Amino acid sequence: MRRLLHVAPLSLVLAVVIGAASIVGFVFFKNSADQQERTLLESDNSQAALYVGSVFSGIGSILDSLATAEVLSNGSPAVFASRAHALSASNQLNLVLAGKQGAGYVVTSAVGPGFTNGQVLSPTVSATLARAGSSFSTLVSYDGKKSAALFAVGPPLTSAGTAIFFRFTIDPYVKSPVTAARPFALIKVALYGAPTADPGALIVATVPKDQIPLTGDVVTDHATVGSAKWTLVGAARSSLVGSFARQAPYIILGLGLFIALLVAVTVEVLDRRRRYASNLVEQRTADLEATLADLRAAQAALVRGERLRALGEMASVVGHELRNPLAAVINALYLLRRRLGEPAEPEYEKHLAMAERETSKAATLAEDLTAFVRPREPKKEEVDAPTLLREVAEASPPPAEVSLDVDADPFTLVVDRHQLAEVLTNLVTNAYQAVNGDGAVRVTARTTPSGAELAVEDNGPGIDAEASQRLFEPFFTTKHDGTGLGLAIVQRLVEAHGGTVSFDDAADRDGARVVVRLPDQAVRATAS
Amino acid sequence: MTTHTDVLVVEDQPDVRGSVADILRAEGYDVEEACDGIEALDILSRHQVGTVLLDLRMPRCDGIAVVEALADPPPIVIVSAHGLADEELKKIGSKVVGVLRKPVPPRQLLERVGSLLRGEGAC
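Chains as they are written, first to last, in the numbering used here: chain A, 1 to 528; chain B, 1 to 123.
Note that these hints are calculated values from the structure, not bench results. Treat each hint with caution, since some may be false.
[To be verified] To give a feel for the contact side, a few chain B residues facing chain A, derived at Cβ under 8 Å:
#, residue
1, 19
2, 25
3, 83
4, 87
5, 89
6, 103
[As the list claims (entries may be wrong)] As a list, the in silico SDA-like pairs of lysine to any residue whose alpha-carbon atoms are at most 20 Å apart:
#, chain 1, residue 1, chain 2, residue 2
7, A, 479, A, 502
8, A, 380, A, 410
9, A, 479, A, 402
10, A, 361, A, 321
11, B, 90, A, 377
12, A, 380, B, 29
13, A, 209, A, 248
14, A, 379, B, 86
15, A, 30, A, 248
16, A, 379, B, 83
17, B, 90, A, 361
18, A, 379, B, 68
19, B, 90, B, 68
20, A, 379, B, 84
21, A, 175, A, 237
22, A, 379, B, 90
23, B, 90, A, 376
24, A, 361, B, 72
25, A, 380, A, 479
26, A, 361, B, 100
[Said to hold, decoys possible] One-sided and incomplete, this derived list gives chain B residues near chain A with beta-carbon spacing under 7 Å:
#, residue
27, 12
28, 16
29, 23
30, 81
31, 102
32, 106
33, 108
34, 111
Remember, it's a predicted structure, so these values are computed and weren't measured experimentally. We put the beta carbon where it would ideally sit given N, CA and C, even for glycine.
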């Protein structure tokens, strides 16, 4: 699991870098598109405002011509009515001539519905008329259903104390062909007959009622209508910069993140392959090294085996060939001794004793050589461990001043009784010699999880590290009169039982400890 | 016509054979010597022998063949530089009373011969 979660730093860095770059790109292009969008919207809205201004300036020329007629006819209501009828194409329009009476204005002549001669005009209309001059003043009101727009001119275009106004009422949400043309096809607008977007002054909107007031990204511009300042609020119908320019930042972001992921995954996969390959190489190298080590060990074992075999052959020949001459010499010495007496005359005794001693050593060597060489298949039988140890102790009692302690767990061995006794006798005898006539020797037998352990330890001077390495080599000895075959024979006998014998060099103990480890098969199962 | 002999020493090595015979004679035994199996069988056919000290490896006819050739042998002690191999022991084990490994200490040899001649048999 931990291995799966382990991600190469390189792929992570690449993913972060490319991801960050795509986010930066996204922000940059998004901002730029937004800015462009706003610029286009402002431009379109300002065009629309100009358009509105120019549309309503036409009303100014109508009022101009009526004012001229009024002045020339000295304010004749009949002339005004006749002219106004000619100009009014529809009955929905009002063209009204009014005169000032007191604080307000009274209708003098009127065309269109809602106004009659002598009608006193409302204070708001009167105030608008009072403000009117050569540049027309306006009054716009929206009652929620209809909006009414009033445009008025007054002196000096008209006679003093008179004013002429034009008024129309429309449903602001009625669709008009105008909205299909540029710029209204691109933007939606709401026109207010006031300096601010006053809902009560709405004249026209190019969207349904529920979308007013416009929300979101809106721009506000002003149109000059006569002496008034009207407000035009605009918003884009759809992206002005085009759908691609709008989507480009998202495409960049998406593509960037995708590439980041792709690169990261690719790098990760490659890195994992590389790691896998390198692990494989390491493992193979380790295997190879292990194999080489095994081979070397096998070769060493083979060489050792070859050496031992050659040594064995030589020992066999020497062992046997020594026996006949030794027999002859020993017999001759016996005959001499018989003749010369014991002790013989000092002159002969010295030489005779020396010859006897040395032939005895040579005979021991011949015995050891033969024992070392002779292949001896263990004749296994059940042997009680404490009994075996006791027998060995009785057969090889310690010299004076040396104590022997035997301590065996009660268990049964399945071994060659004579061979095991030979092994223990050899080790115990070595220990006696090691303590050099004064010390303690201890023999133990224990069962272990893997079999049994027989140990012989002493409190002598111990064995130095170099000697301990060669302890079991044939002909290696630390004694001045040893043949160097005792432990080699011990090793052979133990190995014939499937066991091992080793020198245990624990640093915390004086003396030497030799341990014979026997396998499980050499121990009778306690249950049986 | 058979004559009595205490010990027959069968050994191909003259020094060994001679010294063993001398040791036995020094103790007063009648000793016959044979240098190989053929000579041994010849002597055994002509003498009534008390005990035989028989070497194994000899030219012409070895110790095993000697034992095998004898239907009712006197007490035979094998004295050899080589031990008795398992299969050899199987062949002749029942017809020999002991196996000694050279070099045999003279005192041990004399004890063995003495007990055999006294009729104490195998041990």
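Quiz item: Under the criterion that the straight-line Cα-Cα distance not exceed 20 Å, is the pair residue 380 of chain A, residue 479 of chain A satisfied?
Solution: Violated, because 33 Å separates the two Cα atoms, which is more than 20 Å.
Quiz item: Is the interface hint for residue 89 of chain B satisfied, with its Cβ closer than 8 Å to some Cβ of chain A?
Solution: Residue 89 of chain B check fails; min Cβ-Cβ to chain A is 13 Å, beyond 8 Å.
Practice problem: Measure nothing beyond the straight line between the CA atoms of residue 380 of chain A and residue 29 of chain B; if it is 20 Å or shorter, mark the hint as holding. | Solution: This hinted pair is violated, its Cα atoms lying about 43 Å apart.
Exercise. Compare the distance between the alpha carbons of residue 379 of chain A and residue 68 of chain B with 20 Å, and conclude whether the hinted pair is satisfied.
Key: Not satisfied, since the Cα-Cα distance of roughly 27 Å exceeds 20 Å.
Quiz item: Taken at face value, is the distance from the CA of residue 237 of chain A to the CA of residue 175 of chain A at most 20 Å?
Solution: 16 Å, holds
Practice problem: Could you check if residue 23 of chain B really has its C-beta closer than 7 Å to a C-beta on chain A? | Solution: It holds, given that the least Cβ distance between residue 23 of chain B and chain A is near 6 Å, below 7 Å.
Self-check item: Proposed interface contact between residue 19 of chain B and chain A, which counts if any beta carbon pair is under 8 Å
Solution: 3 Å, holds
Practice problem: Against chain A, run the beta carbon of residue 103 of chain B and see if the smallest gap drops under 8 Å. | Solution: 4 Å, holds
Practice problem: With chain A as the partner, please determine if residue 102 of chain B meets the hint condition of a C-beta pair closer than 7 Å. | Solution: Hint on residue 102 of chain B: holds, closest Cβ of chain A at ~4 Å, below 7 Å.
Quiz item: Quick one, are residue 379 of chain A and residue 84 of chain B close enough, alpha carbons at most 20 Å?
Solution: 17 Å, holds
Exercise. Measure nothing beyond the straight line between the CA atoms of residue 209 of chain A and residue 248 of chain A; if it is 20 Å or shorter, mark the hint as holding.
Key: 33 Å, violated
Quiz item: Are the Cα atoms of residue 361 of chain A and residue 72 of chain B separated by 20 Å or less?
Solution: With Cα atoms ~40 Å apart, residue 361 of chain A and residue 72 of chain B exceed 20 Å; violated.
Going down the numbered hints, you'll see the structure goes against 2, 4, 5, 12, 13, 17, 18, 24, 25, 27, 33, 34, while the others check out.
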